[in-house]
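> Residues per chain are reported as follows:
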Amino acid sequence: KAGVTQTPRYLIKTRGQQVTLSCSPISGHRSVSWYQQTPGQGLQFLFEYFSETQRNKGNFPGRFSGRQFSNSRSEMNVSTLELGDSALYLCASSSQGQTYEQYFGPGTRLTVT
Amino acid sequence: GIQVEQSPPDLILQEGANSTLRCNFSDSVNNLQWFHQNPWGQLINLFYIPSGTKQNGRLSATTVATERYSLLYISSSQTTDSGVYFCAVANQAGTALIFGKGTTLSVSS
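Going down the list, the protein sequences come from chains A and B. The numbering used here numbers the first residue of the first sequence as 830 and each following residue consecutively. The numbering used here numbers the first residue of the second sequence as -16 and each following residue consecutively.
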């Protein structure tokens, strides 16, 4: 079975721009979660989607949003980028949700200049 | 919310040594996972272990849910074991996976 894939792997953007990241879960998995990893804050939960619905949301501003498509692929969008948004963004998939084993993709490293 | 503490924060070993990494959590959990983050940033699944004991080669893990801790054992360390090890838990509501700050392991030959 193919693992979780994320595109793009690296991204450089300018302050004020917006960015869209993509995640394809493991086949058959319906839950997709997004995490942000920074040196200062560690790994933090952004949101989870299940069957095209946002089921849970972490403590991030409204500039961070996401969606899930009928094939379970998910995208997250960050608008009006700030320097502090520079981070590794990780996507995880599981069959049903947070209490089930999570499998992570390789991540997208975003640099905001 | 639930708190996850990992110890030690840093560990330096010679190749061949054994080590124990600890994860304490502050509330009942429905999911506990151990990950190894490789140099490129990907989190590699080691164990899904909300309770009990599991072994996989040189690695084993034990979670004592009633006492709210989990241990990851690495035997006969190799240089390829170097990296950051994370413990993550999901609370009873299962709303999110909460990560500890990690243990950075350095194994030298």
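For the record, the hints were derived by calculation from the structure and aren't laboratory data. It cannot be assumed that every hint is accurate.
What the hints assert, rightly or not - Computed cross-link-like contacts, DSS-like style, restricted to lysine-lysine with a CA-CA straight-line distance of at most 25 Å:
| id | chain 1 | residue 1 | chain 2 | residue 2 |
| --- | --- | --- | --- | --- |
| 1 | A | Lys830 | B | Lys37 |
| 2 | A | Lys886 | B | Lys84 |
| 3 | B | Lys37 | B | Lys84 |
Unchecked claim - In silico negatives: residues of chain B with every beta carbon more than 10 Å from chain A:
| id | residue |
| --- | --- |
| 4 | Glu(-2) |
| 5 | Asn1 |
| 6 | Ser2 |
| 7 | Asn7 |
| 8 | Asp10 |
| 9 | Gln16 |
| 10 | Gln25 |
| 11 | Leu54 |
| 12 | Asp64 |
| 13 | Ala73 |
| 14 | Gly85 |
Remember, predicted model here, so these are calculated numbers, not experimental data. A virtual CB, placed ideally from N, CA and C, is assigned to each residue, including glycine.
> Of the hints given before, which are not true for this structure?
9, 10, 13, 14
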